[in-house]
Amino acid sequence: MKACVTTLNRRRSGSVARTEQVISTDVLRLGRATDCEVFMDDMRVSLYAARLHLNNGNILIEASGESTIIVNGQPARVATMRIGDTFQIGPYDFEVVAGAGDVDIAIDMEHVRAMDNALADLKARSRTRLGQTWLSRRLFAWAAFVTVFAALFVAPLVMISTGFMASPELGGAGGQVRPDAALPGDQGFKLETMWTSGELSDAHKYLSDSCESCHKGPFAGIDNEACFSCHTDVENHADPLLFASSSPLARGCVSCHKEHHGAEGITPQAQALCTTCHADMKATEPASGVFNVSDFGSHHPEFRPTVIANGVTGTTMRLHVDEAGRMGEQSNLKFSHAMHLRGDMFMPGSSKTLECASCHMPEVGSQAHLPIRMETVCSNCHKLNFDSNAPGRALPHGDVEGVRTALREFYQSIALEGSYKEQTAQYHGSRRRGIGGSSGSTTGAATDSAQVSGSPTTLKWAKAKSKAMERLVFGGAVCVTCHVVSESGTPDNPEWNVLPVKLSNRFLLKGAFDHGLHKTMECGSCHAAKTSQKATDLLLPGIETCRTCHAGEDSTDKVPSTCVDCHDYHVHGLSPMAGHNGMMQPFGTSPMPATPAAPTAPVVAPTQPAPVQPAPAGGM
Amino acid sequence: MAAHESMLVYRGFRFLRFSALLIAISITAYIIHDPLPRPYGGSWLGYTLGGVSALLVVWLMWFGIKKRKYGKGGLTKAWLSAHIYLGAALVVTTTLHAGFQFSWNLHTFTYILCMLTIVSGLFGVYTYSRYPSLITSNRKGASSEDLLRRMTELDEEARMLTAGMPDRVTRVVNEAAEKTAIGGSVLTQLRANTKNSPARKAFQQMTDLAGVATSEEAGKFAALVTVMGQKAELVDRVAKDIRFKAIMELWLYFHVPLAFGLLAALIAHVFVVFYMT
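Here the protein sequences come in this chain order: A and B.
Residue 211 in my numbering sits at position 211 of the first sequence, with consecutive numbering throughout.
For my numbering, add 1000 to where a residue sits in the second sequence, where the first one is 1.
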């Protein structure tokens, strides 16, 4: 079989170039494969798209690949072709034409649909990648960088620098940033507050908008002076002259007081803050006399209460709790807790029996108790009455001469009113009712029987009567109930000496026990008051009592308790840290105060505060 | 190294092990260290963890440059593997650096940017593990280019079939060919909703036309319906292909800008810490 394939090539001018190819073969294969007799160089065509051959003189076309063959406009797999018929394979158009000479099959072939156009058009209409949309990684990245940098770095930097420049501190004039300097009120949102590293503590929150109050300049850190601007009288921890190494100034306030942690940190609680030094104070600061302590539950010295050693002079001693107990509180008071708490004593005008709180009344804040005073506590029951005929009449308290005067004047006035009786000492108070005829306990003193008012006889009666009462009051019935009273002078003209009473209101002066936090406890669980017969009994529990409930901060089965639960770092009574030009000042007016040398009573620092003046309490 | 070892298992999880070590050391140190008043960025461990984290951030961003320098090969894979595992480790180091202290400020903002960058990156890892196989099975071995070319072929076949057909038929075929646009806006690419695509509509119309065709036209219509159906299906497939690729790329539009925002915040953060010390 002889075939003639003519390739038509349309030029832009419109003319058609014809390339003829005569092939001798049994089967004419059409396809994209290079061994095809009719090679179609287009990817859209199957490798072997179709076969043309003679079948009984007819030209037969058979599809052999995936490409659809369209014969005379109809899809077909097999078709018989006649001259003039057309068929299409992919982008190619074919026409069966009349062959010249001995050619059996003649076809014209034209590549009519260039592949690229349709594809290019489709691509032009389509956006198949995100990169073809408005999204842009580069643009977004720059935008993010610039926005964040401008808003969170440049703008606040400008604002803060302005703030620093406005700060009087930068002038070097030592100007102070007082709280009121930062109080112009809410200034709205300030960009630089974005720089804060965390919430300020409650006490400093009003400074949130004024960084320059504490931050005195770029990269400057927090200087102690910034704290002293307001905290002028915060005391030292130890005498700065004797114990320079323990001076908080050297380390700086911020080494302990960490700000920008909200409520946490500004008053640090951690045990380690103290025990870092105090665990081995005997070695590091032997002169301090301070005992080693590392944990309340396991390594804490026994309590050393400060008790009255001499009630007359008011001298106190700080002793181990056992020793203090043996010595007792030398208050010069006669008192039995046991008797008062016996259960058969009642508050005046009440059916309530006496209990601890009847006398020990909490002060405002409930941490401690109001001092025990005759005037406010004892006198509720102990009225200092002296004459049963005059139950409303009471003697003054704490004034020996006053008592004598009161007695004399009382009986003189009785005599002057003519209301006395002879011998039996009965008298009639004409101003009073219901006393006539009754014989009081004052019998045996008066000797007169005259009933003439204003006469020397009546005055004599009054004198004798008051003298007798004086002896009874001081020596027998009233004062001696609670006080130590001694007599001197002559029997006719005695002098009465009542020893002054000093009561400790607090025993543990180095730590503070908060009674208010222990309200749910029975008083008796710590204080053995119900069995205490004497006023000298020290009713203070030892540390073991506390340890039944409390242990160190890491305790898991007891109340975790750290040093600052009871102790203050800044020792009350020491000199303020903020001194002249920030220099440390020694405690007190004397540069080197005498150190109490009692071996049994080491003190926290040689500069122990002056002996505590016990609450003044007059005799009862 | 195995031929198709993924970036995740690179050299027997070398960087996973390295990252796990870093995390373990950080956590151990955090537990042991007990600064006053509480763990925070300004303790010595805080500074250490912060420094390590900051260096990591800068180094991880360096990857963006590295990736462009080395087109192919193991080096990029090593970098990517390290980038993923060490980037994930930042979750731990930065959180411990912050000591779990968060507030409305630059510092927490930096932390949040860091977390968002990491989360977007982890989403990237997820897409890399999930979508390539979906893409391959969707394309059935062809390339994206092949799919588009096949689409134009179908258009051509349909056109050829319309020879001698009424105008309403050629119009349907032409519209399907000329109005078909692949992808489009970001949402269109992501949604891949082809229910109302021109090809789908044309297929429907052609089906309707075929229903009322005369018996002599039936053969041609049947062929046209087939071709139009193939085209509609191909459009679905291409849309899906684009959707998968868009998802695989989309996270980078978050990851990279977030990383640059983080870099700016980090510079400010480090500066401020010392400026306001």
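By construction, these hints were calculated from the structure, which means they are not laboratory data.
Mixed in with the good hints, there may be bad ones.
Said to hold, decoys possible - Pairs of lysine-lysine, DSS-like flavour, derived with a Cα cap of 25 Å:
#1 Lys123/A - Lys1201/B
#2 Lys123/A - Lys1245/B
#3 Lys352/A - Lys530/A
#4 Lys123/A - Lys1077/B
Unchecked claim - With beta-carbon atoms standing in for the labels, derived distance ranges:
#5 Gly1164/B - Leu8/A: 16 to 26 Å
#6 Asp1167/B - Asp26/A: 52 to 62 Å
#7 His518/A - Phe1018/B: 51 to 61 Å
#8 Gly1164/B - Arg138/A: 47 to 57 Å
#9 Pro576/A - Gly1064/B: 53 to 63 Å
#10 Gly1219/B - Arg125/A: 49 to 59 Å
Claimed, not checked - Heads up, incomplete: computed chain A residues facing chain B, CB under 8 Å, no partners named:
#11 Ile70
#12 Gly73
#13 Ala79
#14 Gly84
#15 Lys123
#16 Ala144
#17 Val148
#18 Glu199
#19 Leu207
#20 Cys211
#21 Phe219
#22 Glu264
For glycine and all other residues, C-beta sits at the position ideal for the given N, C-alpha and C.
Hints violated by the structure (listed by number, smallest first): Violated: hints 4, 6, 10, 13, 14 and 19.
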